[in-house]
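Number of protein chains: 2
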Amino acid sequence: MTDRSPREQQDTQTSAAGARMKAREKALKHALLQAQRDLATRDYPVIIVLGGLPGAGKSELVHQLNEWLDPRFVTTSAQWKHSDEEEDRPYYWRFWRHMPPRGRMTIFLGSWYTQLLYDGASGRLEPGHYDQQLKRIRQFERMLRDEGVLLVKVWLQVERATQQRRLTEDSLRLRHLPASARAWAEDYAAAQRAAKTVLQGSDGPEARWQTVDADDPHERNLIAGETLLQMMNAHVARSAPGIGETAAARSADGGRAAPSQALATLPRNLQLGKQEYRALLREQQQRLQKLAWQAHDAGRSLIAVFEGWDAAGKGSAIRRVTAPVDPRLYRVIQSSAPSDEERAHHYLWRYWRSLERRGRIMLFDRSWYGRVLVERVEGFAHLHAWQRAYAEINDFESQLAEHGSIVVKFWLHISPEEQLKRFREREHTPHKQHKITADDWRNRARWSDYEQAVLDMLQLTSTATAPWTVVAANDKRYARVHILQTLCDALETALGTQ
Amino acid sequence: MTDRSPREQQDTQTSAAGARMKAREKALKHALLQAQRDLATRDYPVIIVLGGLPGAGKSELVHQLNEWLDPRFVTTSAQWKHSDEEEDRPYYWRFWRHMPPRGRMTIFLGSWYTQLLYDGASGRLEPGHYDQQLKRIRQFERMLRDEGVLLVKVWLQVERATQQRRLTEDSLRLRHLPASARAWAEDYAAAQRAAKTVLQGSDGPEARWQTVDADDPHERNLIAGETLLQMMNAHVARSAPGIGETAAARSADGGRAAPSQALATLPRNLQLGKQEYRALLREQQQRLQKLAWQAHDAGRSLIAVFEGWDAAGKGSAIRRVTAPVDPRLYRVIQSSAPSDEERAHHYLWRYWRSLERRGRIMLFDRSWYGRVLVERVEGFAHLHAWQRAYAEINDFESQLAEHGSIVVKFWLHISPEEQLKRFREREHTPHKQHKITADDWRNRARWSDYEQAVLDMLQLTSTATAPWTVVAANDKRYARVHILQTLCDALETALGTQ
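Going down the list, the sequences are from chains A and B. FYI, numbering that gives the first Met the number 0 numbers position 81 of the first sequence as 80, with every residue one higher than the one before it. FYI, numbering that gives the first Met the number 0 numbers position 341 of the second sequence as 340, with every residue one higher than the one before it.
Heads up, a few of these hints could be off.
One copy or two, it doesn't matter: identical chains are merged, so the pair holds either way.
Unchecked claim - Keeping only pairs whose Cα atoms sit at most 27 Å apart, straight-line, the calculated DSSO-like set for lysine-lysine is:
hint	residue 1	residue 2
1	K28	K134
2	K80	K289
3	K25	K475
4	K420	K475
5	K273	K434
6	K195	K431
7	K195	K21
8	K420	K25
9	K80	K134
10	K431	K134
11	K431	K25
Hints listed in this document are in silico derivations from the structure and should not be mistaken for laboratory results.
Just chain A, with the same shape it has in the complex:
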């Protein structure tokens, strides 16, 4: 026996058909619980996006799902009022922070569609903006699906008369809609028009909208529940592990042409004398000290990615960058071993999670590029996974840039000979011995595989808004000054203080 909200109870039929519905509901409930327990053992999450006009019964359906399912493994994300912490980060951060880990389920009641629908109904949207937003949505959903996520998008379709009746009955909730949702809530025709455009633009073969008639609440809940069940069961069948992909990735690597000359031709002997270094370093550090505050005041973040060969000097370069910056303004983010929470999410999740608010400097000591470097070369990521990562990363960085962040990426390049020298030095210096491990020697043995991965990365992820800077790092002094200078230049250009 379920206890529905007062409003729901009057809609429920009590006829003989009602008894059949009860049996159907009982069967559905058991099957859903079973599917959910099975999900807990799978390596993907389920994301349910609920859409529909106000009064279609989204909240009521959420209640019903929470009652049918084991609530320990379902979360509802009610995107609604946004905090300043959310406004201070790229738009999708608010969704990433509510992503379910593997084996779990999140219902998005309000989602990446909500604002677009509000704006569409109000007539505030330029056609170009529509297209841009829809493109972003499609990219986002493709990325989720590529990662194995089961994405269930349910649209509750409601008649005007039903809607009017329900809204009159539930004025409380309506009163709490944001101002931007006025047309969405009050103008049925405009809302339907906006919904049609958005649904058509986001309805791909792999992210189909499931339209559910929502006039009869009991029927609505059953159909939505049955749809969810069907999709969960179908997904189990589809997502059998892709055996042999890793092997395929290796052989694909093996068949490629030799590395191009791009890295080989980099001048490796750029260097600075001690006196010159000190003067230049000091000059650039003083510049950065001021620029860091200016960027803060302008609400612009600087996101600097440090990648490079082992022992290329990433850590010590980062310390030269942070030295002049007020500790309130920067954070160094290490890509050390992920926690189990991080491992249970998309690989970009931990980086979304680490984003600071506007006006800060974030220095990534290794980064999301691990996916197309170490994970590719060592076969930790499947062929398809690292291959699609280039586009995913470009999209991620373009979201950072659109939000006003200045994105700068460094590849610290040293020669194999220089690396060897530094490895030996580390081995012979007591306080540096912990910095050199068997992994370092193993990676070194695969230098040319890594070189190919680096070249692909530079080629495929150098964009206008997030360009790579290859730094000749055989001479640490030169590298440090070059990095500081590049960062200062990027800040000056972006802040228009040149």
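Since the structure of chain A is already known, use the hints to place chain B on it.
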């Protein structure tokens, strides 16, 4: 060779004494790295609180520590501007969110002292408020220490002349201090007076302030670093695991008097007929629907804790509470197995982490009381750990209440006979079989141990602001209505809409 900020370089001596300092620094650096690597294997974190007047060199010391230490295992928390997400939660949430996990280190540059010092210097503080804040600080730090945290509190003492010179040189940072810090930054005498009061009030034998003379920057950094090193090494010696404590906890239990009658005398036969139940449930749910919005509009949160015997009906009672509430307004928080991130923190961390913003309803399906129930009885927590938990929990809940949250706690009580009936029913109902495990039978066998733990909990954590309600739950209908009614009454009283 370190690269200090421009301002630091001029202070550095270049004499023969300088050479000795260099050797001292080198030795310190190696020893710190060693201590830090050792820390990574320990089951406690290090928290460094840095205090001092503006111009004392807190930021510079942070730079230096970041340079000496392995930055992968140190985080700086620069508490500074507070977000609305922080303002929307109890004051200490902003510190809890930056707590280091075991084996790591966090430097609090700005801490639970900062606002108190600002207010103190400005003369805005009533003596009573001072005392209250200092008491909270002492409680907080005692809790950290009890958990094994190494707390290093360093106060940088600076002369007026040095301060004036440094502030003139670094006007940028000064300009970004919040308005409430004006007296703190500009009135040396007032700031010193405030610091003296606060330091004296928070200087216990186990959370000693380490005062470091900060006029010479190089000496300041060395002394601070050496103090940190010394404390880290001393802590290793002190924190040898307390063998036999668990056994002691068990025997302490065994020697206690029989459970009092408080639970035994609870009328267990309160029940409701089906018709009456439906009418009452509906009435209370309609009440809650409105009150939930009123609480939201008033910015008051409702925090409801559900504890009870296995199979007492917590989950189904929670569903009756959420049924009428808009899904945007509530969240059910399950105390399932902690993640590795959660396990690496104080047991209250996961609950601080789960707090929603103002005006929401949080329903805890089991809670922080696990520490004094299952962890106590099963010996998962040491005697001292669960014994001090009563005070820690009271402090936690009083912080929730002070922030405007309405805290209601339910113990769902059933008789052993009723539990047995429900266990058997679960075993014989296909879709309920997953709800009954060997653990349930094991717990049942220790009924009287649990009963003692429940009685202690009710006695020691029933406070005026966070009272327990024992619910006679042999009849589920009665229990659900009783719970809804208690919640509504608590909301009405708090909102003054009675």
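### Message
One pair to classify: K80 and K289, alpha carbons no more than 27 Å apart. Within, between, both, or neither?
### Response
between (35 Å within a copy, 19 Å between copies)
### Task
Since the copies are identical, ignore which copy is meant and state whether K80 and K134 lie within 27 Å (CA to CA) inside a copy, between copies, both or neither.
within (24 Å within a copy, 35 Å between copies)
### Message
I want to check one pair: K25 and K475. Are their C-alpha atoms no more than 27 Å apart within a copy, between two copies, both, or neither?
### Response
Only across copies: K25 and K475 sit 20 Å apart there, 69 Å inside one copy, limit 27 Å.
#### Entry: K195 and K21: within-copy, between-copy, both or neither at 27 Å Cα
neither (33 Å within a copy, 71 Å between copies)
### Query
Given a CA cutoff of 27 Å, do K273 and K434 count as a within-copy pair, a between-copy pair, both, or neither?
For K273 and K434, the Cα distance is within 27 Å only inside one copy (25 Å; across copies 70 Å).
### K431 and K134: within-copy, between-copy, both or neither at 27 Å Cα
The answer is neither: 49 Å in one copy and 44 Å across copies each exceed 27 Å.
### Query
Given identical chains, is K431 near K25, meaning Cα to Cα at most 27 Å, within a copy, between copies, both, or neither?
Between copies only: 13 Å across, 65 Å inside.
### Query
Is the C-alpha distance from K420 to K25 at most 27 Å within one copy, between copies, in both cases, or in neither?
For K420 and K25, only the inter-copy Cα distance (23 Å) is at most 27 Å; the intra-copy one is 70 Å.
### Query
Given identical chains, is K420 near K475, meaning Cα to Cα at most 27 Å, within a copy, between copies, both, or neither?
within (13 Å within a copy, 74 Å between copies)
### 27 Å Cα threshold - placement of K134 relative to K28
Neither. Shortest intra-copy (36 Å) and inter-copy (52 Å) distances fail the 27 Å Cα cut-off.
### Query
Can you tell me if K195 and K431 fall within 27 Å by alpha carbon in one copy, between copies, both or neither?
neither (62 Å within a copy, 42 Å between copies)
Checked against the numbered hints above, the structure violates hints 1, 6, 7, 10; every other hint is satisfied.
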